[in-house]
Amino acid sequence: MSEFTKICALADIPRLGARVVEHPGGDIAVFRTADDEVFALHDKCPHKGGPLSQGIVHGKRVACPLHGWNIGLDSGEAAAPDVGRCGRFEVKLEAGDVYLKA
Amino acid sequence: MGKPKLVMVGNGMAGVRTLEELFRIAPDMYAVTVFGAEPHPNYNRILLSPVLAGEMTVQDIILNDHDWYRAHGVNLHLGRKVARIDRVRRQVVAEDGTVEAYDRLLLATGSTPFMLPIPGNGLAGVIGYRDIADTDAMIEAAKKYRHAVVVGGGLLGLEAANGLKLRGMDVTVVHLGAWLLDRQLDEVAGRMLQQSLEARGLKFLLEKQTEALIAGESGRVAAVRFKDGMQIPAELVVMAAGIRPNTALAEAAGIHCSRGIVVNDTLQTFDPKIYAVGECVAHRGVAYGLVAPLFEQAKVCANHLANHGIGRYTGSVTSTKLKVTGIDLFSAGDYMGGKDTEEIVLNDPAGGVYKKLVIKDDRLVGGVLYGDTADGPWYFQLLKDGKDIREIRDHLLFGQSMVGDVGHQGQSKAAAMSDDAEVCGCNGVTKGTIVRAIKEKGLFSLDEVKKHTKAASSCGSCAGLCEQILASTLGGAYQATASDKKPMCGCTEHSHEDVRRAIRERELTSIAAVTKGMEWRNADGCEKCRPALNYYLISTWPHLAADDPQSRFINERAHANIQKDGTYSVVPRMWGGLTTPAELRAIADAAEKYKVPTVKVTGGQRIDLLGVKKEDLPKIWADLAAAGMVSGHAYGKSIRTVKTCVGAEHCRFGTQRSMDMGVKLEKMLFGMWSPHKVKLAVSGCPRNCAEAGIKDVGVIGVDSGYEIYVAGNGGIKTEVAEFLCKVSSDEEVMEVSGAFLQLYREEGWYLERTCHYVQRVGLDHVKRRVVEDPENRQALYARLLDSLTGVKDPWSERLDGELRKEFETLAVRPA
Ligand code: SRM
Ligand SMILES: Cc1cc2nc3c(=O)[nH]c(=O)nc-3n(C[C@H](O)[C@H](O)[C@H](O)COP(=O)(O)OP(=O)(O)OC[C@H]3O[C@@H](n4cnc5c(N)ncnc54)[C@H](O)[C@@H]3O)c2cc1C
Ligand code: SF4
Ligand code: FES
Numbered sequence: 001m002s003e004f005t006k007i008c009a010l011a012d013i014p015r016l017g018a019r020v021v022e023h024p025g026g027d028i029a030v031f032r033t034a035d036d037e038v039f040a041l042h043d044k045c046p047h048k049g050g051p052l053s054q055g056i057v058h059g060k061r062v063a064c065p066l067h068g069w070n071i072g073l074d075s076g077e078a079a080a081p082d083v084g085r086c087g088r089f090e091v092k093l094e095a096g097d098v099y100l101k102a
Numbered sequence: 001m002g003k004p005k006l007v008m009v010g011n012g013m014a015g016v017r018t019l020e021e022l023f024r025i026a027p028d029m030y031a032v033t034v035f036g037a038e039p040h041p042n043y044n045r046i047l048l049s050p051v052l053a054g055e056m057t058v059q060d061i062i063l064n065d066h067d068w069y070r071a072h073g074v075n076l077h078l079g080r081k082v083a084r085i086d087r088v089r090r091q092v093v094a095e096d097g098t099v100e101a102y103d104r105l106l107l108a109t110g111s112t113p114f115m116l117p118i119p120g121n122g123l124a125g126v127i128g129y130r131d132i133a134d135t136d137a138m139i140e141a142a143k144k145y146r147h148a149v150v151v152g153g154g155l156l157g158l159e160a161a162n163g164l165k166l167r168g169m170d171v172t173v174v175h176l177g178a179w180l181l182d183r184q185l186d187e188v189a190g191r192m193l194q195q196s197l198e199a200r201g202l203k204f205l206l207e208k209q210t211e212a213l214i215a216g217e218s219g220r221v222a223a224v225r226f227k228d229g230m231q232i233p234a235e236l237v238v239m240a241a242g243i244r245p246n247t248a249l250a251e252a253a254g255i256h257c258s259r260g261i262v263v264n265d266t267l268q269t270f271d272p273k274i275y276a277v278g279e280c281v282a283h284r285g286v287a288y289g290l291v292a293p294l295f296e297q298a299k300v301c302a303n304h305l306a307n308h309g310i311g312r313y314t315g316s317v318t319s320t321k322l323k324v325t326g327i328d329l330f331s332a333g334d335y336m337g338g339k340d341t342e343e344i345v346l347n348d349p350a351g352g353v354y355k356k357l358v359i360k361d362d363r364l365v366g367g368v369l370y371g372d373t374a375d376g377p378w379y380f381q382l383l384k385d386g387k388d389i390r391e392i393r394d395h396l397l398f399g400q401s402m403v404g405d406v407g408h409q410g411q412s413k414a415a416a417m418s419d420d421a422e423v424c425g426c427n428g429v430t431k432g433t434i435v436r437a438i439k440e441k442g443l444f445s446l447d448e449v450k451k452h453t454k455a456a457s458s459c460g461s462c463a464g465l466c467e468q469i470l471a472s473t474l475g476g477a478y479q480a481t482a483s484d485k486k487p488m489c490g491c492t493e494h495s496h497e498d499v500r501r502a503i504r505e506r507e508l509t510s511i512a513a514v515t516k517g518m519e520w521r522n523a524d525g526c527e528k529c530r531p532a533l534n535y536y537l538i539s540t541w542p543h544l545a546a547d548d549p550q551s552r553f554i555n556e557r558a559h560a561n562i563q564k565d566g567t568y569s570v571v572p573r574m575w576g577g578l579t580t581p582a583e584l585r586a587i588a589d590a591a592e593k594y595k596v597p598t599v600k601v602t603g604g605q606r607i608d609l610l611g612v613k614k615e616d617l618p619k620i621w622a623d624l625a626a627a628g629m630v631s632g633h634a635y636g637k638s639i640r641t642v643k644t645c646v647g648a649e650h651c652r653f654g655t656q657r658s659m660d661m662g663v664k665l666e667k668m669l670f671g672m673w674s675p676h677k678v679k680l681a682v683s684g685c686p687r688n689c690a691e692a693g694i695k696d697v698g699v700i701g702v703d704s705g706y707e708i709y710v711a712g713n714g715g716i717k718t719e720v721a722e723f724l725c726k727v728s729s730d731e732e733v734m735e736v737s738g739a740f741l742q743l744y745r746e747e748g749w750y751l752e753r754t755c756h757y758v759q760r761v762g763l764d765h766v767k768r769r770v771v772e773d774p775e776n777r778q779a780l781y782a783r784l785l786d787s788l789t790g791v792k793d794p795w796s797e798r799l800d801g802e803l804r805k806e807f808e809t810l811a812v813r814p815a
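Note that the protein sequences, when read in sequence, are chains R and U. Residues in the first sequence are numbered consecutively from 1, following this note's numbering. Residues in the second sequence are numbered consecutively from 1, following this note's numbering.
Hints may be right or wrong, so weigh each one.
Unchecked claim - Here are the simulated SDA-like cross-link-like pairs (lysine to any residue), alpha carbons at most 25 Å apart as the crow flies:
#1 Lys48/R <-> Pro27/U
#2 Lys450/U <-> Ala80/R
#3 Lys6/R <-> Ile344/U
#4 Lys92/R <-> Lys805/U
#5 Lys48/R <-> Asp800/U
#6 Lys516/U <-> Lys48/R
#7 Lys516/U <-> Glu37/R
#8 Lys564/U <-> His67/R
#9 Lys60/R <-> Glu422/U
#10 Lys454/U <-> Ala79/R
#11 Lys528/U <-> Thr33/R
#12 Lys451/U <-> Gly59/R
#13 Lys516/U <-> Asp35/R
#14 Lys441/U <-> Leu93/R
#15 Lys60/R <-> Pro27/U
#16 Lys485/U <-> Arg504/U
#17 Lys441/U <-> Asp82/R
#18 Lys805/U <-> Gly26/R
#19 Lys451/U <-> Leu10/R
#20 Lys805/U <-> Glu37/R
#21 Lys717/U <-> His67/R
#22 Lys486/U <-> His67/R
#23 Lys805/U <-> Leu93/R
#24 Lys6/R <-> Thr809/U
#25 Lys441/U <-> His67/R
#26 Lys48/R <-> Asp447/U
#27 Lys792/U <-> Ile538/U
#28 Lys339/U <-> Thr325/U
Since the hints were made in silico from the structure, they are not lab data. If you're wondering where the values come from, they're calculated on a predicted model, not measured in any experiment.
Excised from the complex, chain R in its bound form (with noise of 0.2 Å):
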């Protein structure tokens, strides 16, 4: 079972943002909305494995730099009519500190 851990301050990931978290597993990419909620997702678009850390945040989504899928922050999902769907991490905000569970 592994556990919540910290990763950084929230002041460490831009606004609209995102930063690379490195996983055995794949990398991961955690993201900042204007708003300062936090969301992770694994770091490869479901479309063609594009790193999604690198696109462009605007609402709850991210758009893919490789060829501009549109995936959901909270749901991993491809925006209609693109369909697929993104692994989900859990993130918290705790004191001003983001912790990911992974």
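Assemble chain U with the ligands onto chain R, guided by the hints.
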């Protein structure tokens, strides 16, 4: 208090499109109730013709199935006709007694076929052509009876006649006018059309007035009699002599109607609680009978229902197409012409091609195409844009590929392409896939086709072809929007032009100020508008507006080009294509040290190190910086390269020192952001070894100085640069090139290359600002130099400090 109640009467194309637009921008605002007199969910009425012709089934043309209504919580009353509106109590009452209260009412009752007021018009076997029930009745009649008469030789009548003929009936079309489609075609095209329909076995009686319909023994219609006494057999009579806006309900409720329910530019009727859209409406005295303008109305109406309060409907120019497979016909605008207009005509009766373009004051105002309609959408766009066609006039009639505005030249015959022909080379999308998506998913715009099929969503060179396929599949439902009115993206109604102007005039200096001040639908914008806004801000307010890295595409944020495997490429600048042994040694060392898998000479006269890991970028940059190298911006909407030839420095033919000139230009422009990438070249003589003829700015040395060319492009669609002016000194080259690029930076729309920008504004405009007005030229040049003062190398800026974070990964560490 629950949500306000929106009731819609009429479950057809315009009404449901309004709901779709509304759900997109304000999904939870209303509790929605819909009444539809027909028992079907919303379907694509325009495709009833292919259904009648046996090319599609009713199932194929459903646009919104029951699940759609359910998913949006719509309370749907099908097969229930609204009998009365009670404006005092604010409720509607259906024929079966159902009562629903409203806070806002939307009337979308469409229109009804006009039944000629002649004896016998109520007999069995006499029908209009409007809905699924009519279509079914025609299909049934075709099984049992032999003779059909279609009254009316307009679009609807001809489509009905064609379908009935294909179902085996003997069909005669009766038409009052002197030629077919006299509301869309001139006489020549009308006659050509008649000939090809006659070749398919249809019969025509022109300039004939129907006097009465005669009943047979069974009481069903049996014959049609004309004013001149002639009588022909008919067991089925289809009235297609026009439509009448369905205003009875509104009129009975005392809402002002005159040739339709009268609405203002926000689609509001005289009762402010009641809106109306679609064929039932009269806007500025016009009632439209084609889908495209109705969809424009729907968009504006939804906007006002959502209380966004922006957007006005100001009327539409329409174009039409006959949906009879195998017949190509297109008409738009003022197709007849008059005494103030000129005409360009091509008439080839043997080849079955006729084209007429109507021109007024150097602008296209209308046209008719018969036999070859491939360029219809292009002409329609020119017409809507009101583009000055003086410069392309002598090629105009031969179409877009002759003018050189289309990607795949010579492949512009959308209708003639086979289904398995590849349309989009980037994403491997065939014509069949696109046509299927248009029909099955009910797509109406290029944007929707891009989203659903991915065609034209990469390099975009097939966009024109996709539009042609749309137009030929949809018929008159296809509508181009004027380019300067196209919304920037789904977040806003505003066009690039509007936004640029607002940023300048209202002195907006941040993305938030734009998205708030201009009522963006989503506060953060999206990946399409944010990079554009960021560019508009920093180019309009240099030194004032802060650059927003999070609104830049990854290449510009990381200052390196992302590759398909997530690694990056590194391209150090080589001013004017020049390098030194020391630089080459540093590049070689770096390539070995960071195990760069591929080292390549680029098309831009420099070296690309491909396959670098993101976290290695700052390190490799540091090594290159130590040898005096800076970023080549090979990743940016920015100055890319200035290509040079050896020139007078070495070459036996050289007239000017092109290497030197090129290096000076490149140093001047270092760090310049622009709407799209910018490439220059300087050649030492007209042999032009630096290929200056296909660059954004091309400089060619001649004995007496330099010739300057602009707006060339060597990419997706090669465009030869146009001659701008001739100058005599290096300083003038810098000033003219700089001024031209600044004009482009100030007026270009994001992702518009110089060639597209100049096509839009016209070379004359550029000449006036840059060549003929020295004061303005100097002012432009000064603004360029000002915005470039203090520009730093983005690579060395990121070697340490806050900006370096972008390149560092995090690790999961125990708490
Ligand atoms: C590296 C290079 C190919 C090469 O190995 O030679 C190249 C590589 C790419 N080009 Fe290019 N282009 C390269 C020279 C060209 C040239 C030739 C030139 O510059 O003289 C052209 C035609 C000239 C022109 O632009 O007018 C060219 C026309 C394009 C286009 C089409 C632009 C257009 O407006 O039509 C694109 C697509 C775009 O920019 O949207 C493009 C896009 C790309 C991208 C950035 C695709 C992408 O988005 O990832 C490629 C990046 C590969 C990478 O990661 O490095 N590349 N590209 C060349 C880099 C030159 C340099 O030193 O900076
Ligand atoms: C055969 C055919 C081919 C066509 N081809 C083309 C084409 O190629 N290109 C093009 O642009 N256009 C074409 N059109 C026209 C296009 O279909 C119409 O412009 C469009 O459907 C109008 O939309 P609307 O919502 O205003 O009306 P409709 O789609 O007619 O919807 C109105 C609905 O309201 C219902 N209704 C009316 N009164 C009441 C009431 N009191 N209570 C409840 N419900 C009510 C009606 O039953 C109907 O379902 C074609 C039309 C037909 C019939
Ligand atoms: S380098 Fe240019 S031409 Fe080659 S694949 Fe990439 S974008 Fe296409
Ligand atoms: S890999 Fe993400 S959109 Fe293609």
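**OP:** Mind listing which of the numbered hints don't hold for this structure, in increasing order?
**Re:** 1, 3, 5, 6, 9, 14, 19 and 28
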